[in-house]
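Trainee: Take these sequences, add in the hints, and give me the full structure.
If you're matching positions, the sequence shown starts at 503 in the numbering used here and goes up one per residue.
Hints listed in this document are in silico derivations from the structure and should not be mistaken for laboratory results.
Keep in mind that the hints are not guaranteed to be accurate.
[Stated by the list, open to error] Here are the simulated DMTMM-like pairs of lysine to aspartate or glutamate, each with C-alpha atoms no more than 20 Å apart in a straight line:
1) LYS671 to GLU526
2) LYS544 to GLU563
3) LYS544 to ASP564
4) LYS651 to GLU605
5) LYS651 to ASP567
6) LYS579 to GLU590
7) LYS544 to GLU559
8) LYS651 to GLU591
9) LYS651 to ASP564
10) LYS544 to ASP652
11) LYS671 to GLU535
12) LYS546 to ASP567
13) LYS546 to GLU526
14) LYS651 to ASP585
15) LYS546 to GLU563
16) LYS546 to GLU559
17) LYS546 to ASP564
18) LYS544 to ASP567
[Unchecked claim] Taking CB as the label site, the calculated pair distances span:
19) GLN592 to LEU622: 15 to 25 Å
20) SER656 to LEU622: 13 to 23 Å
21) ALA578 to LYS651: 29 to 39 Å
The beta carbon of each residue, even a glycine, is placed where N, CA and C say it ideally should be.
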Amino acid sequence: MRVSTIILSAAFLLSAVSWVSAQETTFSDPSVEYTFLLPDPKWKLTLRPTAANPNVEFVHEDRLDCHLQVRRLTVAKDAMLADLIEDEEQRLQIRPGFVAGREENFAGRLRGSVFNFEYLASGRSMAGRFYFLRSGDNVVYTLRFTGQKDIVRSLRNQLDSIARSFGPK
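Mentor: So, in structure tokens, the structure goes:
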């Protein structure tokens with residue numbers, strides 16, 4: 503009886519692991535030099551990269567819920583991520599109700615920093631979580647997540663998971 507319970511439990515765990523991994527999708531495209539995992543099938547591609555425009559965009563169900571923009575920046579070899587974040591913060595300050603949050607160090611396949619902020623859009627509380635990930639000496643990728651504050655907070659584990667899996671092909 504005990505052996506059959508152990509075998510049944512092991513079979514259940516294996517099926518659960520395969521179900522969870524089946525939910526992940528890998529984003530990869532010949533027009534870009536990177537790849538990442540999307541942990542939930544609710545992430546939908548809205549802007550496919552091309553040779554002329556290598557930008558990528560996804561939404562989680564709806565653009566207001568959570569929107570992801572991936573951008574590649576070419577920077578000077580000695581450029582500091584803190585300076586890039588400060589420049590981005592300057593551009594974001596024009597948003598109504600803008601409040602800068604804290605910066606965090608971040609590590610996944612690439613290392614970098616995260617910048618959090620809040621703002622208002624159409625009378626709604628919105629939030630942003632921007633990942634600045636260094637790839638080599640003069641390339642920084644930005645993963646710009648924006649959306650309704652409560653939804654961005656509830657998706658934080660997914661956002662971190664996407665950023666951790668982001669890296670060169």
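Trainee: Check each numbered hint against the structure and report the violated ones by number, ascending.
Mentor: 14
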